[in-house]
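Please put together the full structure from these sequences, using the hints given.
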Amino acid sequence: MSRPLMPSLLHDDVQDRLREELRKALDKHCDSPALHGLIDAQQSHDAALWRLIACEMGLAGLLIPDEFGGGGATLREAAVVMEELGRACAPVPFLSSAVLASTALTVAAGSSNTSAPEVIGDLLNGQIAAVLVPATTCPFAEYVPTVVEHGDGTVSGTVTNVIGADCADVLIVPAVAAERIELYLVDPAAAAVSITRRVSLDLTRPVSEVTLTRTAVKPLTTDGVGRAALQKALEAASVMLAAEAVGVADWALDEAVAYMKVRHQFGRPIGSYQALRHRAAQMWITNSQACAAAIYGAACVATDHDDRQIAAAVAKTYCGSNAVAVAEHSLQLHGGIGFTWESSLHLRLKRALAISSMFGSADQLTEALGPMIDIVE
Amino acid sequence: MNAPDLPDKLEAALSDLLAATDPMRASDAEFLAARFDHGLAWLHFPVGLGGLDMSRRYQIPLEQRLVASGAEPADVMRNPIGLGMAAPTLRHHGTSQQQQRHLRPLWTAEEIWCQLFSEPGAGSDLASLGTRAVRDADGWIVTGHKVWTSMAHLARWGLLLARTDPTVPKHKGMSYFILDMQTPGVEVKPLRQATGQAEFNEVLLTDVRIPDEMRVGAVGDGWTVARTTLLNERSSIAGQAPREDGHIGQLAAMWRAHPELRTPALHHEVISAWVEAEVSRIANQRSAQKSAAGLPGYEGAAGKVMYAANNQRITAITRRLNADEALVYDSWDLGADSADPARCANFHYVRARANSIEGGTTEILLGQIADRVLDLPREPKIDPSTPWQELPHQ
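First to last, the sequence lines map onto chains A and B. Positions 625 to 1001 (this note's numbering) are the ones given, in order, by the first sequence. Positions 75 to 468 (this note's numbering) are the ones given, in order, by the second sequence.
Among the hints, erroneous ones may be present.
[Stated by the list, open to error] A short, non-exhaustive set of chain A residues, derived as facing chain B with CB atoms under 10 Å:
1) K648
2) A649
3) F692
4) V881
5) Q913
6) L989
[Claimed, not checked] Okay, the calculated beta carbon distance ranges per label pair:
7) B:G374 with A:E1001: 33 to 39 Å
8) B:D449 with A:K648: 20 to 26 Å
9) A:D987 with B:H118: 31 to 37 Å
10) A:F963 with B:A292: 54 to 60 Å
11) A:R822 with B:S412: 41 to 47 Å
12) A:E952 with B:L465: 51 to 57 Å
13) A:E952 with B:D281: 56 to 62 Å
14) B:P370 with A:V823: 45 to 51 Å
15) A:G745 with B:P81: 22 to 28 Å
16) B:L200 with A:A672: 57 to 63 Å
17) A:D987 with B:S365: 34 to 40 Å
18) B:S412 with A:K648: 35 to 41 Å
19) B:A367 with A:E1001: 41 to 47 Å
20) A:D930 with B:A400: 34 to 40 Å
Note that these hints are calculated values from the structure, not bench results. Positions of the beta carbon are idealized from the N, C-alpha and C atoms, including for glycine.
Right under this line is the structure:
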């Protein structure tokens, strides 16, 4: 086994300040009443919160290179944003637009005759983009798009489990074009596009089914660049979800610990019972491990390190499973109140479950890791 | 590897050392002694006691320069209790006489050290220990029973914690001594463990006489001195642990070499265990980076809990993979070598059961995290100001 070099696994001052600023904003604008309000109103995202994060704080362009007018930051900074959004369970299309779509567009901008720079400009102005790929796609297995380009500037096909499509201003469609995979641009308002929001497990980031019927498209990539753009976007999404999972798990632990200090039964705080103290300590241990794994993953993918696929797969599988387990424990530690609709614990549990099923589930990653680490069946 | 530059004072001492003693010709013991005499043993110690009163951050560069000059890398395991526990204890709490007498032969490993803390009735609750030291005209008379003592059979000196006043609260009634292991009344017996071998000893103390000059710290201050000993100063000479280190490396190697042993169920387990081991590796690196940056944290305790959990899980899988050997063992003999890497899968499984107990049980560590990291309400406990002799004892 090769000896991978170890990057810094510590956050720097820039990242700390970003986190502080974002947390303040989310504490104010994304509290439990805000989340429940959105869900009751059956909205798929919080437009005002997105404007604040995307435009006022400039985070829509975080990963866009500065040569296109973006923030020129790396996945390490984006990871901090994802952590905070996970903590808050924020209903904003950061993953779909600022990570997936932005990454695909940045690679596409290297293609000839592309309109990618124009679309990037729109994103920097707060427009939302979504990539039509199932969120259940594993970045480390071969993905063949279910949309086909007919050779005449139109595409057809259905894509399920798409995040961020129902609030998007522009759709990026991976499609099979002859022997290649290319990316195309579609106007979601066009008649030949049908977007159906599904009743989703995670009400703060619902999924949609999108059907295109001989829909007219504009090419975003040519010369087969689409495959590389899609691959890079999927890997980024996967490792960013590891970071989001860390945020969810940290919130779940913090809430449980706070509750255990104030809830009294049998004459003393439940946090003084050994079984519960030990359970909380175990949660802290796995959370601190997940934190390290997520940083390593982000660092490796950000620098296109040799170890990046292993690092991303390890981060995603560990952090995803951990967030689910910690959310489950947190619900349990809250007793009956943890099971109510009014509590926001179930929202975090569902967010954790969704994360664990997106862009590399534990089962998919177990399959994918085997050949990567030479432990094959 | 580039030999790093050192401050002038250090360069000068290094030149003197290498001029006086050629590492390629001197024996390991001779070279170690020469290092001590030139202040190049433990740099942060005072001058005259093996150091130059310099920052510890030059220690690793010094070791690298010495190796580059042809010296064997200094083996920390030549006197682990001595180097890791006795030396820092003597440095912080020992008298000048004790430091002068003991530090040099400790460093050269001419005199091996052991630690006499745990007792049958005092493991996790070490402060409740009952080995009794009674004052008489010439010093102290000690009677008691110590267990899980590594190195006792080879040791010249022991670090002994004993009760000198049973009438005060438990934390206030202990004193700390250097025990001459050759004193009449000291009986060392191998402590045979579940693996069949004895990596540790029990030490029976019957009316053992200890001169008062061997006491370390004030009477009644034993717990304070012991806390220094237990701080477990491990130098970070270890560096970066490679991927697939230890048991996970052995499991992976076995998997790769034996396709005939593979099953789909075990495949899933092996990959899962690989991920856990890899995440712990990364987490330990982060912990080391935090430590080096001076950032506080309890990731060390987390690391120990995970080390035990991972080892137990991996050795269990390895045993299942080795299906043909599931019902046999290599040797239950007392004299078999516990450190032999070729020990069988069943040995490693049994040995790993102790990983969650030795050096701080998992349960105690979880409790410490609950207290110090999560600030959770404390468990109900006996009033710590209760005199030791009024506490319930087994």
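Checked hints:
| no. | hint | result |
| --- | --- | --- |
| 1 | K648 | violated, 23 Å |
| 2 | A649 | violated, 26 Å |
| 3 | F692 | violated, 33 Å |
| 4 | V881 | holds, 5 Å |
| 5 | Q913 | holds, 4 Å |
| 6 | L989 | holds, 8 Å |
| 7 | B:G374 with A:E1001: 33 to 39 Å | holds, 37 Å |
| 8 | B:D449 with A:K648: 20 to 26 Å | holds, 23 Å |
| 9 | A:D987 with B:H118: 31 to 37 Å | violated, 51 Å |
| 10 | A:F963 with B:A292: 54 to 60 Å | holds, 57 Å |
| 11 | A:R822 with B:S412: 41 to 47 Å | violated, 59 Å |
| 12 | A:E952 with B:L465: 51 to 57 Å | violated, 40 Å |
| 13 | A:E952 with B:D281: 56 to 62 Å | holds, 58 Å |
| 14 | B:P370 with A:V823: 45 to 51 Å | holds, 47 Å |
| 15 | A:G745 with B:P81: 22 to 28 Å | violated, 55 Å |
| 16 | B:L200 with A:A672: 57 to 63 Å | holds, 58 Å |
| 17 | A:D987 with B:S365: 34 to 40 Å | holds, 36 Å |
| 18 | B:S412 with A:K648: 35 to 41 Å | violated, 55 Å |
| 19 | B:A367 with A:E1001: 41 to 47 Å | holds, 42 Å |
| 20 | A:D930 with B:A400: 34 to 40 Å | holds, 38 Å |
Consistency note: the structure conflicts with the earlier hints numbered 1, 2, 3, 9, 11, 12, 15, 18.
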